[in-house]
Amino acid sequence: MTETATKKERPKHLDLRVIRQPIPAIASILHRIGGMGMFLLLPFLLYLLQLSLGSAEDFEAFKAVAGHPLAKLVFIGLLWAFLHHFLMGIRILFLDLNIATDLKPARATAKAVVALSLVLTVLLGALLW
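Using my numbering, the first residue of the sequence shown is number 1, and each one after it goes up by one.
The set of hints was computed from the structure by calculation and includes no laboratory data.
All of these numbers come straight from a predicted model, not from anything done at the bench.
From the three backbone atoms N, C-alpha and C, an ideal C-beta is built for every residue, glycine too.
Some hints here could point you the wrong way.
[Said to hold, decoys possible] Below 20 Å or equal to it, Euclidean Cα-Cα: the simulated EDC-like pairs (lysine to aspartate or glutamate) are: (1) LYS72 <-> ASP58; (2) LYS72 <-> GLU60; (3) LYS111 <-> ASP96.
[Unchecked claim] Cβ pair distances, simulated, as ranges: (4) LEU41 <-> LEU14: 25 to 35 Å; (5) LEU116 <-> LYS72: 21 to 31 Å; (6) ALA66 <-> LEU40: 11 to 21 Å; (7) ALA64 <-> PRO105: 46 to 56 Å; (8) PRO43 <-> THR101: 34 to 44 Å; (9) VAL119 <-> VAL74: 12 to 22 Å; (10) ILE23 <-> LEU53: 39 to 49 Å.
All chains should be built: construct the whole structure from the sequences, respecting the hints.
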């Protein structure tokens, strides 16, 4: 056999849409996306806080902005981001303590984080809407 026949050919580029990621990787990516979303929307939330604490006219403006359906969708997205980021942070703390680091428990906790964050978002989002 020649040397080139025994070597596996490595891909030239990685297409992330084609590669099937394991659930812990998906949960980790969603953790980063949620953290980034919360960080990027922080000025919007601070603006709303400023409106809610201002004069009566400012509070009416706050109610108008917060009552808009698009703003409610943003709030539900932020709610999911917070819940997922929080639950995934707890999972990562357990992993740092060498709890559930084997393959099966790691996959199970990742699935639990994704499922629980979605379920809590639906339940709390229904209250928000």
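Right, here's what the structure says about each hint:
For the hint pairing LYS72 with ASP58, the CA-to-CA distance comes to about 19 Å; that is within 20 Å, so the pair holds. Using a Cα cut-off of 20 Å, the hinted pair LYS72 and GLU60 holds, with the two alpha carbons roughly 16 Å apart. For the given pair, LYS111 sits about 18 Å from ASP96 by alpha-carbon distance, which is consistent with the 20 Å threshold. Range check, LEU41 to LEU14: Cβ separation about 30 Å, and the 25 to 35 Å hint holds.
Separated by about 22 Å at the C-beta atoms, LEU116 and LYS72 satisfy the suggested range of 21 to 31 Å. For ALA66 paired with LEU40, a C-beta distance near 19 Å keeps the hint of 11 to 21 Å intact. Range check, ALA64 to PRO105: about 48 Å between beta-carbon atoms, so the 46 to 56 Å window is met. Between PRO43 and THR101 the CB atoms are about 38 Å apart, so this pair conforms to the stated range of 34 to 44 Å.
Separated by about 20 Å at the C-beta atoms, VAL119 and VAL74 satisfy the suggested range of 12 to 22 Å. Distance hint check: the CB atoms of ILE23 and LEU53 are about 42 Å apart, consistent with the given range 39 to 49 Å.
Hint compliance for this structure: no hint is broken.
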